[in-house]
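Work from the hints to combine the two standalone chains into their complex.
Same order as they appear, the protein sequences are chains G and W.
Just add 66 to wherever you are in the first sequence, counting from 1, and you've got my numbering.
Just add 134 to wherever you are in the second sequence, counting from 1, and you've got my numbering.
Hints are computed from structural coordinates only; laboratory data are not their basis.
All values derive from a computational prediction rather than experimental measurement.
Honestly, I wouldn't trust all of these hints.
[Unchecked claim] Not everything, but these chain G residues come out facing chain W in the computed CB check (under 10 Å): (1) Phe-125; (2) Ala-126; (3) Val-129; (4) Leu-132; (5) Leu-133; (6) Ile-136; (7) Leu-157; (8) Glu-161.
[What the hints assert, rightly or not] Beta-carbon label-pair distances, calculated as ranges: (9) W:Gly-140 x G:Arg-148: 54 to 62 Å; (10) W:Asn-314 x G:Gln-154: 20 to 28 Å; (11) G:Arg-156 x W:Arg-385: 50 to 58 Å.
Even glycine gets a Cβ: it sits at the ideal position worked out from N, Cα and C.
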Amino acid sequence: MKATLRRIAAQIGRPMIGPVRSQLYAWIDYRIRTGGDPSDQLKRAWSRDVAAGPMPVSFAEVVPALLNAISCTNTAARQSRRNEIETQQRLTALEEQVRTMQATIERLTARNAGAGGA
Amino acid sequence: MTGTPGSPFRVAICSGVYVDNDGISGTIACKLALFERLRRNGVPVEATVYCHGTDRPGPRVTARANVADLLLQPGFLSADLYCFEFGVQNDVFDTIFILPPEAAKLGIYHNVTPLELVSDAQRPVVLRSLAQRYNLFETHHVVCVSEFNRRNLLEIEFPPERMSVVPAPTPAEHLIRLPNKLDRRKPGAVEFLFVGRFVRAKGVVELLDAADRIAAESGPEFRLSMVFNRSFSDRLLLDWLDERLRRGPARPWLRVLPDATDAELTAQYAAADCFVIPSHHEGFCTPVIEALSAGCHVIAAEAGNLPFILDGLGKLFPVRDSGAIADAMRGVLRELHDARAAGRAPVLDTDRGRMPVEAWAKAVDVHLRGFTQEVFEIGFAASLRASLTAAGREIPEWLRPGKFEALAGIDPAAAA
Chain G
67 MKATLRRIAA QIGRPMIGPV RSQLYAWIDY RIRTGGDPSD QLKRAWSRDV AAGPMPVSFA
127 EVVPALLNAI SCTNTAARQS RRNEIETQQR LTALEEQVRT MQATIERLTA RNAGAGGA
Chain W
135 MTGTPGSPFR VAICSGVYVD NDGISGTIAC KLALFERLRR NGVPVEATVY CHGTDRPGPR
195 VTARANVADL LLQPGFLSAD LYCFEFGVQN DVFDTIFILP PEAAKLGIYH NVTPLELVSD
255 AQRPVVLRSL AQRYNLFETH HVVCVSEFNR RNLLEIEFPP ERMSVVPAPT PAEHLIRLPN
315 KLDRRKPGAV EFLFVGRFVR AKGVVELLDA ADRIAAESGP EFRLSMVFNR SFSDRLLLDW
375 LDERLRRGPA RPWLRVLPDA TDAELTAQYA AADCFVIPSH HEGFCTPVIE ALSAGCHVIA
435 AEAGNLPFIL DGLGKLFPVR DSGAIADAMR GVLRELHDAR AAGRAPVLDT DRGRMPVEAW
495 AKAVDVHLRG FTQEVFEIGF AASLRASLTA AGREIPEWLR PGKFEALAGI DPAAAA
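Isolated chain W (complex conformation) (with noise of 0.2 Å):
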């Protein structure tokens, strides 16, 4: 069955929160314009997010802090399908163990932080999310949003046969196309960038000492710019940060940019040539794809899923250690000064081995073919049907193969 003849395929997308400047809410974002699009196309099917708060209000959101008044919800208990966002622990996730068994249920994993990283004051939220993980095994089919977040789930027993990696669209705001940038540059400071939360679990602390260190050597000039948004860092280690500044040295080379907007943040992915990302834990972590796109080489920590969202395509160093991301910074620096010094294209050192850049843009370009909306799209979909296969659930036609391609209006050829 698929519902009530006449009536719309209906689904429940469940999260904790729907906000401004979240990741899984961003995904969330993407979801809901899909199942738009396709409404608009004459596809007889509903989304509504069901959520505790929200700063994104409007008629397919609906927000309510107890989860007694979510089920009360009209709608809430009739979806055909269920898509549970996971990432921190919260209680419409809950839900699940309620829901009509006709339903059919849907896991998506974005990675619970481990606990060895999180503050003191974290500890007790980290601990109910790693317990209610656990849920995932009541849905049908659970999408992993990056090949790490996949093998956390296998070190639970999940059974593969129930899980798919279908990566998160980068949003189109802070997304810019400049392939052949580092072709291109003139003499000058080479440009490193940093985005991320102020965080420890970020490597910001490992990070400033190694520039410290790169400053205090008399090597080619240099900028580290670091965007950071204020209320999703620690406080307590921006205080750090403010100190470390003012008794310190002078560092003209740093430049800390909180709360940028979307624009400025698109403009220092312009401006830079290296990304740095030392975190010691990504689920997914967009901004590599941000960067990359930007054209910017990137070197990261060997932590979470940089390895395998990079794909050999910068160059990782050891987690948590200054020395070693001074070093990947010097050498990205020595490289880009001398190719700039003498008018020739710049060799980057990457884990597939040292690329000249014309090539590594090429790779580049392939790699990010597999992070678009609509290899999204496309992943999500099949990730539907898995769960209605699974639930013992007819497919509704608009949603079957090539049909679906079709209506929701994706390019054969990035089908393809």
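So here's chain G without its partners, still in its complex pose (with noise of 0.2 Å):
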């Protein structure tokens, strides 16, 4: 998906993600307000532009691209959270035990230094 991505990415001449998802957004504007085939919009605004040469991308091929890789860094942002969450909860379960086991040596320490004096 992202080899698909990179490839539509450049192909249209604009980095990854963000300003991507803000043309698709326009596109999905545009059709709201004006009913019209956002296709239509891509074909006139790249035949605009001499030097991008002939269009590469249709609507109906970017879209399930855009809305899969939406999904996907969605998803991912979400498990890394996720993860982070997870890490920090072993982390304290780890200095619990840690402090528990702390508090026997010491408790052993000083029960073993009391039976050696007596």
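Structure follows, in structure tokens:
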């Protein structure tokens, strides 16, 4: 999917995700406002930029790829946050265990010292 | 706001596919029927299914293979409420990221089969489905079709206050009510029934092993009927079954019934004494409700939603253990055989304890009331309200508690 996105991003001369997502929103907004086919808008916009060459992608090709990329990015962000929380919870549990062990060691040390003195 | 004044309240039901013989599609059909009934009763509401493919065409179904084409469909981007049915990855679900911000979004979670239970060929789509499951966080509320599914979402930290459990309704064409059947059986072979896809994850290999063991003993006579749909089954496993039946010993006790019609399936439930479901995983398991409704005792693997949907009214056995399945089947076989021979009512071994069949039938009756069409519709309406409230939208008059039940024609006794 990332490869597809990179290819599309390169073809339309835009960086990944953020601006491409904005472009997608713009297309959808165009559809809502005008009722027209965003592909037509894309074609017109493309044809104004002579340097861009022939239009490499259509709305029908770009939309599924971009939506999927947005979904994957969202999932990765949520999973990353979840991993962070889990790691923090494990760390807290480990710190608690260490404190318990330290307390046990101190108690045993004190008892041994007491026994030695008796 | 509740949409443009004078225009109907629009509901977009989004799903990968909408087809016959599919559990998710069955619940979509129930929702469409509900909205159509409301509309006939004068409620200004319109529901449309948006999907990638269907074999149920109609004026309320819009199917386009490409999600871009769906986005361009009139009405798709102007719905008041979106209902996303999710069990398998589909592009329609990704439209959730570009819907108008004021739209209410409801997720319906049907579960994703665990990765370890699918074939290599299915792994990519399951991986994509597990990833897409996080799209549910973008909804305002999620309906889980089972308690097991609710716990499944809790595992990925989904906020519990944004979830509710609304069991999927059981299709009426499979439901028969034979509550006291086991009390009236005549002596003869005890009938076991399996209904499900013929795939390893349904435990069919262990079930056949277990039945072979019992058949090798000199116990009471029994029969095992296995009903499944060939098109949803594992082709290699069906070949393995054919080979096993051809080469192995004669199995007069086994009936293999692929592609049974609704009427044939209902007849199987009516004839069965005990339903066996050794699945390794179940997100809901409608056949358990169908079997209980038909008065069958149920023995099931302790996996997925099976412990929740049985609620102690069947007997659970450890998953993937053919010896345990054989023990459970043997226990049912002996009790039903002995009771019939003695002319007494059987006492069923359940996870609630040993229950005389009459008491068991009463408990099943109470249990089944939680799985009716009415309970589903009331729960679904509550989840629509929860979505609208979370989206900051006004709840339409027809959807308010009390008013909804009256307009949907739900019996007040059932609602209570």
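Okay, the hints, checked on the actual structure:
1. With a cut of 10 Å, the hint placing Phe-125 of chain G at the interface with chain W holds, because the nearest CB-to-CB distance is about 5 Å.
2. Checking Ala-126 of chain G against chain W by beta carbon gives a least distance of about 4 Å; that is within 10 Å, so the hint holds.
3. With a cut of 10 Å, the hint placing Val-129 of chain G at the interface with chain W holds, because the nearest CB-to-CB distance is about 4 Å.
4. A least Cβ separation of about 9 Å between Leu-132 of chain G and chain W falls short of the 10 Å threshold, and the interface hint therefore holds.
5. Look at Leu-133 of chain G: its Cβ gets to within about 4 Å of chain W, closer than 10 Å, so that hint holds up.
6. Checking Ile-136 of chain G against chain W by beta carbon gives a least distance of about 5 Å; that is within 10 Å, so the hint holds.
7. Violation of the interface hint for Leu-157 of chain G is found here, the shortest Cβ-Cβ separation to chain W being roughly 17 Å, above the 10 Å cut-off.
8. Of the supplied interface hints, the one on Glu-161 of chain G is violated, with its beta-carbon coming no nearer than about 22 Å to a beta-carbon of chain W, more than 10 Å.
9. A hinted range of 54 to 62 Å is violated for the C-beta pair Gly-140 of chain W and Arg-148 of chain G, which are about 45 Å apart.
10. Roughly 57 Å separates the CB atoms of Asn-314 of chain W and Gln-154 of chain G, a value that falls outside the hinted 20 to 28 Å.
11. Taken as a hint, the range 50 to 58 Å holds for the pair Arg-156 of chain G and Arg-385 of chain W, whose Cβ atoms sit roughly 52 Å apart.
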